[in-house]
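2 protein chains.
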Amino acid sequence: MSEPLRIALAGLGTVGGGVVRLIETNAELIARRAGRPIVITAISARNRGKNRGFDMARYAWEDDMVILGEREDVDVVVELVGGADGPALALARTTFEAGKALVTANKAMVANHGIELASRAEAAKTAFKFEAAVAGGIPVIKGLKEGAAANYIHRVYGILNGTCNYILSTMEDTGRDFADVLAEAQAKGFAEADPSFDIDGIDAAHKLAILSSIAFGTAVDFPGVTITGIRRLLAADIAQADALGYYIRLIGMAETEVDAEGKRRLFQRVHPHLVHRDHPLAHVDGATNAVVAEGNFVGRLLFQGAGAGDGPTASAVVADLIDIARGDIGAPFSIPAAELDMAARADTGHRTGKAYLRFTVADRPGTLAEIAAAMRDAGVSIESLIQKGRVEIDGEERVLVALVTHHGPESAIAKALDLLEGSPSLAEAPLVMHILEE
Amino acid sequence: MSEPLRIALAGLGTVGGGVVRLIETNAELIARRAGRPIVITAISARNRGKNRGFDMARYAWEDDMVILGEREDVDVVVELVGGADGPALALARTTFEAGKALVTANKAMVANHGIELASRAEAAKTAFKFEAAVAGGIPVIKGLKEGAAANYIHRVYGILNGTCNYILSTMEDTGRDFADVLAEAQAKGFAEADPSFDIDGIDAAHKLAILSSIAFGTAVDFPGVTITGIRRLLAADIAQADALGYYIRLIGMAETEVDAEGKRRLFQRVHPHLVHRDHPLAHVDGATNAVVAEGNFVGRLLFQGAGAGDGPTASAVVADLIDIARGDIGAPFSIPAAELDMAARADTGHRTGKAYLRFTVADRPGTLAEIAAAMRDAGVSIESLIQKGRVEIDGEERVLVALVTHHGPESAIAKALDLLEGSPSLAEAPLVMHILEE
Numbered sequence: 504m505s506e507p508l509r510i511a512l513a514g515l516g517t518v519g520g521g522v523v524r525l526i527e528t529n530a531e532l533i534a535r536r537a538g539r540p541i542v543i544t545a546i547s548a549r550n551r552g553k554n555r556g557f558d559m560a561r562y563a564w565e566d567d568m569v570i571l572g573e574r575e576d577v578d579v580v581v582e583l584v585g586g587a588d589g590p591a592l593a594l595a596r597t598t599f600e601a602g603k604a605l606v607t608a609n610k611a612m613v614a615n616h617g618i619e620l621a622s623r624a625e626a627a628k629t630a631f632k633f634e635a636a637v638a639g640g641i642p643v644i645k646g647l648k649e650g651a652a653a654n655y656i657h658r659v660y661g662i663l664n665g666t667c668n669y670i671l672s673t674m675e676d677t678g679r680d681f682a683d684v685l686a687e688a689q690a691k692g693f694a695e696a697d698p699s700f701d702i703d704g705i706d707a708a709h710k711l712a713i714l715s716s717i718a719f720g721t722a723v724d725f726p727g728v729t730i731t732g733i734r735r736l737l738a739a740d741i742a743q744a745d746a747l748g749y750y751i752r753l754i755g756m757a758e759t760e761v762d763a764e765g766k767r768r769l770f771q772r773v774h775p776h777l778v779h780r781d782h783p784l785a786h787v788d789g790a791t792n793a794v795v796a797e798g799n800f801v802g803r804l805l806f807q808g809a810g811a812g813d814g815p816t817a818s819a820v821v822a823d824l825i826d827i828a829r830g831d832i833g834a835p836f837s838i839p840a841a842e843l844d845m846a847a848r849a850d851t852g853h854r855t856g857k858a859y860l861r862f863t864v865a866d867r868p869g870t871l872a873e874i875a876a877a878m879r880d881a882g883v884s885i886e887s888l889i890q891k892g893r894v895e896i897d898g899e900e901r902v903l904v905a906l907v908t909h910h911g912p913e914s915a916i917a918k919a920l921d922l923l924e925g926s927p928s929l930a931e932a933p934l935v936m937h938i939l940e941e
Numbered sequence: 504m505s506e507p508l509r510i511a512l513a514g515l516g517t518v519g520g521g522v523v524r525l526i527e528t529n530a531e532l533i534a535r536r537a538g539r540p541i542v543i544t545a546i547s548a549r550n551r552g553k554n555r556g557f558d559m560a561r562y563a564w565e566d567d568m569v570i571l572g573e574r575e576d577v578d579v580v581v582e583l584v585g586g587a588d589g590p591a592l593a594l595a596r597t598t599f600e601a602g603k604a605l606v607t608a609n610k611a612m613v614a615n616h617g618i619e620l621a622s623r624a625e626a627a628k629t630a631f632k633f634e635a636a637v638a639g640g641i642p643v644i645k646g647l648k649e650g651a652a653a654n655y656i657h658r659v660y661g662i663l664n665g666t667c668n669y670i671l672s673t674m675e676d677t678g679r680d681f682a683d684v685l686a687e688a689q690a691k692g693f694a695e696a697d698p699s700f701d702i703d704g705i706d707a708a709h710k711l712a713i714l715s716s717i718a719f720g721t722a723v724d725f726p727g728v729t730i731t732g733i734r735r736l737l738a739a740d741i742a743q744a745d746a747l748g749y750y751i752r753l754i755g756m757a758e759t760e761v762d763a764e765g766k767r768r769l770f771q772r773v774h775p776h777l778v779h780r781d782h783p784l785a786h787v788d789g790a791t792n793a794v795v796a797e798g799n800f801v802g803r804l805l806f807q808g809a810g811a812g813d814g815p816t817a818s819a820v821v822a823d824l825i826d827i828a829r830g831d832i833g834a835p836f837s838i839p840a841a842e843l844d845m846a847a848r849a850d851t852g853h854r855t856g857k858a859y860l861r862f863t864v865a866d867r868p869g870t871l872a873e874i875a876a877a878m879r880d881a882g883v884s885i886e887s888l889i890q891k892g893r894v895e896i897d898g899e900e901r902v903l904v905a906l907v908t909h910h911g912p913e914s915a916i917a918k919a920l921d922l923l924e925g926s927p928s929l930a931e932a933p934l935v936m937h938i939l940e941e
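Protein chains in written order, with my numbering: chain E, 504 to 941; chain C, 504 to 941.
So that you can see chain E by itself, here it is in the shape it has in the complex (with noise of 0.2 Å):
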């Protein structure tokens, strides 16, 4: 067996105890898997006296852990400190800089300098690898790099943030409110204290940004993905989406399309969607990720599995660590980062589809007029309208009117909310959310 694959492992919270732990108990498989062994020679962490569950005197310490990067007796560094910039990044560069290998599980850094990242890696003649940070356990970047590689991607979406999911599936099987769960949720652990980062979807908007760039060979491009999150939705939608044979989730999607004048462009979009109950998606419940690829001869794929978590984002940790053992040091994106088409971004004017609408209305006669009116008048054409009971917000009685529309364009639907604008019949914005289209 050949020599041992060094790694230095920068911070050490729940993600890096995980590789630890997977990396002394599955010590023997992983030598077998990757041809030799993977041992951990150097670790560093924000506190070094915490007890952590595992004996630290076994690996040499760095108080700073960007010199983790230089050290001689180190091959890979697994940066899993978290951050866009700041230690991480400056690690990364160091790690590059000196011709070592980088593993992480950084979402934030990969979609805001991943590019930049790709070609240090590639300068450098070095592996630059970050399975952990779309989708924890499930080996979709592998599938979209090498199981589908011989395809043209069109589309890839899915559900990227198990703490939206975890909150969307409960609110469906109790019935409860938003905030009463997303709290149950805090306290259990399963969500930040500040939430922001999931239930606006962020973090769903960073992996969709680095999925993109994989499936489509485009540069990634993070600031291009229109976000909407998950906090203004009310147990009345899910009900009211139930009610008609659909789920809501939480989708990350991106289409390549192609424009007037021949032009490709990419559409990335993180928004609440009502989801058939015949699609794979509608059956992801808690915490799990899932993402589906639709590529030119293979169709559909369908990958699905635990999206965060300390083992199952130590397991594509060591995926990566074991590919890179066994001497494999692909473009970081699938293809050179120089030859990534910096795609324009996609008009959504011209996109159709299905939608759902909910609009929180003053009980008082006319307001149902003014909102059929003001669809009718943008040429949006309702398939279903529902008045639904009486709902207290902020000690006023409100009524909830949603709807559904007919398959048409989105421009006409942003028409009509452009025309309801300032109506003192809404007590508040609507609330607009795509349905999937099969």
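Keep in mind that the hints were calculated from the coordinates and are not lab data.
If you're wondering where the values come from, they're calculated on a predicted model, not measured in any experiment.
Hints are not guaranteed to be accurate.
Listing some non-contacts, in silico: residues in chain C with all C-beta distances to chain E over 10 Å [said to hold, decoys possible]:
(1) R509
(2) R549
(3) D566
(4) A739
(5) P868
(6) D921
Simulated DEER-style distance windows between Cβ atoms [as the list claims (entries may be wrong)]:
(7) E:R780 <-> C:R679: 19 to 27 Å
(8) C:G852 <-> E:T855: 55 to 63 Å
(9) E:A686 <-> C:A742: 40 to 48 Å
(10) C:R848 <-> E:P839: 45 to 53 Å
(11) C:R848 <-> E:A686: 51 to 59 Å
Positions of the beta carbon are idealized from the N, C-alpha and C atoms, including for glycine.
Place chain C on chain E using the hints.
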């Protein structure tokens, strides 16, 4: 860009045609992903004269496909002829003898001779890849070998035969009987004129034997798979399962277990199962395949997609070619063939679970009491028992009695069936289906 990877194609049927079309259609993408072009140099098939929809004159022709493995202008042979032995096996051996790589979609050959061929490939330090042999376009071999590489897998199971799944989900949707749906599937070309390989579970067993070797690091043991097909299923069974909240799916399942002496044993079974509506496999419809693997760190992973067809199968073949073009010649079964564990077969006697039993009985008093007594005497506890209406079988009027057992030992069910063996009350052998555990 480096030298092209030159391939020879043996077999130009549906899948062979798909591979030609894919390599021609997506040539530019494939070259970018592979780092070099993939080109076909030589071809062979049974019938040279047949029109295959592409210009065969572009490629050198061999009447004897085995010669493909010896040609100077070939780096990789793609074998799409099929059959466990015969020309396919001769070609595989010749190819490795000549130090060239082999890619195949031939599940029968891999299930029967995979270890021998892997040893030959390893000795020649060349690649032997067969992603297309299991679950068509789904990158499940890659998913297990690489994506979940860091995990001890304890169970792998799934829907491995699209023809059976098409028949079962059509029976479900239409209420029609097995023979009727099979005849229609044959007329439409979804099932072979001789459907035995599919509906008797042999095809699924080939795939399962390959999957378990890769998942567990055990030697391929196709003869060790216990196989029951779907031929005896009635519309009444589907309806009965549905009333209880289950769908019926042909499931291939493999597990490792440790026996009383601490020795690892391999359990492999292809069998129609009742799958609860909440399980993701219950919603896999039509010709789709799906594989679930459970690892000690990653938890449950699900891979789903098209299990057959020219496009998806070609996608898997070319994914293997791209890996080879990138220089990946890892062990065919994830660890070297000589290190694969020759695990003994598990004894099924101590397995426990719930089961569905259906009896076809003569329409006379006392038969139900006889069945119930046999269950009691064998220690099988009945959860629910349903006496269904009359059916006519071979011109005789019969009564169907279906029951679901409580969780208990499979050995008790076998004993009950032994007690009933030869009873004049039973018009045919009872039908047993296991209920898939969550």
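Hint-by-hint comparison with the structure:
1. No beta-carbon of chain E is positioned within 10 Å of the beta-carbon of R509 (chain C); the least distance is around 17 Å.
2. No Cβ of chain E approaches the Cβ of R549 (chain C) within 10 Å, the least distance being about 25 Å, so the stated non-interface status holds.
3. Every Cβ of chain E is farther than 10 Å from the Cβ of D566 (chain C); the closest lies at roughly 29 Å, confirming the non-interface assignment.
4. Residue placement check: A739 (chain C) keeps its beta carbon more than 10 Å from all beta carbons of chain E (closest about 25 Å).
5. For P868 (chain C), the condition that its CB be more than 10 Å from all CB atoms of chain E holds, with the nearest at approximately 45 Å.
6. Residue placement check: D921 (chain C) keeps its beta carbon more than 10 Å from all beta carbons of chain E (closest about 39 Å).
7. Roughly 23 Å separates the CB atoms of R780 (chain E) and R679 (chain C), a value that falls within the hinted 19 to 27 Å.
8. The hint said 55 to 63 Å for the Cβ distance between G852 (chain C) and T855 (chain E), and at roughly 59 Å that hint holds.
9. Separated by about 44 Å at the C-beta atoms, A686 (chain E) and A742 (chain C) satisfy the suggested range of 40 to 48 Å.
10. One distance hint, 45 to 53 Å for the beta-carbon pair R848 (chain C) and P839 (chain E), holds here, with the actual separation near 49 Å.
11. At roughly 52 Å, the beta carbons of R848 (chain C) and A686 (chain E) sit within the given window of 51 to 59 Å.
Consistency note: the structure conflicts with none of the earlier hints.
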